[in-house]
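Undergrad: Chain residues, written in single-letter form:
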Amino acid sequence: MRSRILSVAVRGALLASFLAVGAAAWAQAGVSYNLGGLVSSEPYAAWIASDFSYGAVSTSSLVLDARGEKARAEASIDTSVLTGAAAQEAWLLASTPYGRSDELLVPAAVSGAYSPEETAVSLRVRSLYLKLDLDWASVTAGRQFVNYGRGALWSPTDIFDELDLSGLSPERIGSDALRLSVPVGATEGLDLVAAPNTAPADGRYALCGRALIGGVDGALLAARNGENKGWVVGADFKADLEIGFYGEATYELYDSGADGTLRAAAGADYSFGDFIIAAEYYYNGGGAAADILFPDAHNLYGSIVWKASELFQLSDTTVWDISASCGTSTLLATLSVAQNATLGAFVQGGYGAAAYGLELGQGGSGWDAICGLTIEVKF
Amino acid sequence: MKRLLILFTLAAAGGVAALSAQTVDEILSKVDANMSFGNMRYSGKMEITIGGETRYKTMDAVAKGSEKAFAEFTNPEDRGTRYLKLDKDLWIYFPKEQGTVKISGHLLKEGMMGSDVSYEDALESRDFKVKYGATLKGRETVGDRDCFVVQLDAKLPTAAYDRRVMWVDAERYVVLKEEMYAKSGKLLKTSSTLEVVRIGERWYPSRTEYVSKLRNNTKTLLAMSKIEIDVALDERQFTMAALTK
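Protein sequence lines, in the order shown, are assigned to chains A and B. First residue of the first sequence? That's 1 in our numbering, and the numbers climb one at a time after it. First residue of the second sequence? That's 1 in our numbering, and the numbers climb one at a time after it.
Hints listed in this document are in silico derivations from the structure and should not be mistaken for laboratory results. Check the hints yourself; a few may be wrong.
[Stated by the list, open to error] For lysine-lysine, the following DSS-like pairs were computed, each having C-alpha atoms within a straight-line distance of at most 25 Å:
id: 1; chain 1: A; residue 1: Lys378; chain 2: B; residue 2: Lys219
id: 2; chain 1: A; residue 1: Lys70; chain 2: B; residue 2: Lys64
id: 3; chain 1: B; residue 1: Lys186; chain 2: A; residue 2: Lys307
id: 4; chain 1: B; residue 1: Lys219; chain 2: A; residue 2: Lys307
id: 5; chain 1: B; residue 1: Lys45; chain 2: A; residue 2: Lys378
id: 6; chain 1: A; residue 1: Lys307; chain 2: B; residue 2: Lys45
id: 7; chain 1: B; residue 1: Lys213; chain 2: A; residue 2: Lys307
id: 8; chain 1: B; residue 1: Lys30; chain 2: B; residue 2: Lys155
id: 9; chain 1: A; residue 1: Lys378; chain 2: A; residue 2: Lys307
id: 10; chain 1: B; residue 1: Lys137; chain 2: B; residue 2: Lys213
id: 11; chain 1: A; residue 1: Lys70; chain 2: B; residue 2: Lys96
id: 12; chain 1: B; residue 1: Lys96; chain 2: B; residue 2: Lys45
id: 13; chain 1: B; residue 1: Lys155; chain 2: B; residue 2: Lys213
id: 14; chain 1: B; residue 1: Lys96; chain 2: A; residue 2: Lys378
id: 15; chain 1: A; residue 1: Lys307; chain 2: B; residue 2: Lys96
id: 16; chain 1: A; residue 1: Lys70; chain 2: B; residue 2: Lys226
id: 17; chain 1: A; residue 1: Lys70; chain 2: B; residue 2: Lys245
id: 18; chain 1: B; residue 1: Lys245; chain 2: A; residue 2: Lys378
id: 19; chain 1: B; residue 1: Lys155; chain 2: B; residue 2: Lys137
id: 20; chain 1: B; residue 1: Lys30; chain 2: B; residue 2: Lys64
From just these sequences and the hints, can you work out the full model?
TA: The following block contains the structure:
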């Protein structure tokens, strides 16, 4: 009973903060509005677990941005229609712990061509926040990307935003949070973030300080992860020695007195000629409890991009779980066919029972593959 | 080159001084009088042409001297993407992820937003007097304009180019044409001023075409509009807080 009252109180405080920031935002004069977004379609064929299937995802993404001198509001909403294997995979995903926390999945109108599980409409609120800029700080309330860390794929210091690996490229999922950012200098600042869960004791809270020292971007983090009942300390940096180097690590101590866990990621990026390459290593010392998507200890990520011209590029991204000998690789070619319009073709292969990407939830072994097209128009 | 820096808000084109020949010093001082400023605000449009295809990008930018600059792209494909330059450091903000990335050294040679201008071009500050030695090579005509030909040779390995040759309008003291060379002598890039406007007492290039010789059949046209020089700017505009605002 006590925790429920506390939960309601915290949520009420969050809502009040949201409304206060919102009221302050709308009260100001000279607000400008901008509506943008994209429409995309991704038809594909898949060979998974020895079965051939076909699916398609058509998405409309709308971003409404309102800005004034001292405040800003943004809403970003994705609506997708999924058919065939895409719908089946989405339903499967939603029934597992790997399901996307920002997604509402509902059955689509059923035509004769599809069974109920072969259609779905996905609604995702990617961001929905209000931000108030004071002279000495900014307050952001609502769904937002906290986006701590430096990693291209893995960021142990980002205890807020979950990873979404179901698409062609990894994305982060926004967090419902209240954030206070206090700039100390041009490149230094303090950041307080609170993301209470249903029960505030299960929420996540962090204090982060960042600075640029000697050309090195760095940050220190202290956090409470109520979900794991643990205290987290961490740090990250990015340095430039012609090759870009970055790294980050966290150590979590548990209330139970159990052994603490270390998670760390380190990577580098470099370019030569028309090529850009990046590699990243991730160590997860906490197993599935610390990272459900990458429960094994040793993981690798690599990417290579060939920019044949500014209109055409070819890229390959590979994620490999060293401990379990499984992974996925995605080869993607994109061509700018007109102003704001891109056509892409991809092949995605997976090997082993990887707990992510196209193998998610399949629990299979051997090789699987998906190939398809992407068409995207921004406005 | 200095125009290039300004156009991308990442430098304000500065004084080129302490050169070996007094004549060169005078010429470059007059160029500097046209090009250098305290604060600046403008809107820009990039037309990137590759083969027969052209892509457009638009932005709003502010710059404070040659050390601080801030730009936000406004075209649909890049809307909300922002750049912050503080001295030699450059960050990019990506609105979709609300994430900030510090640009690494090797990436500074890449074309900025798909253009023929590299991040390194944009980052190079006004320290030409430190990085280059200058020589007056003679006079030539560019279009119908009489020009001084000035050569800058790198003195330090940190210079973006080993050699650059500038054609300076002998009447208006605006760089009408420039060639940038590698140490091997290979021509890397050229720029041509297509339009010069009068702003107060100074002449200023408002349309400039850049061609990277390392890429096939490409060029980038930069057009500036709503140019305001020596306007009042809030120092907070050039902070990480503004980048993620």
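Undergrad: For a quick check of understanding: which of the numbered hints are violated here, in increasing order?
TA: No numbers; nothing is violated.
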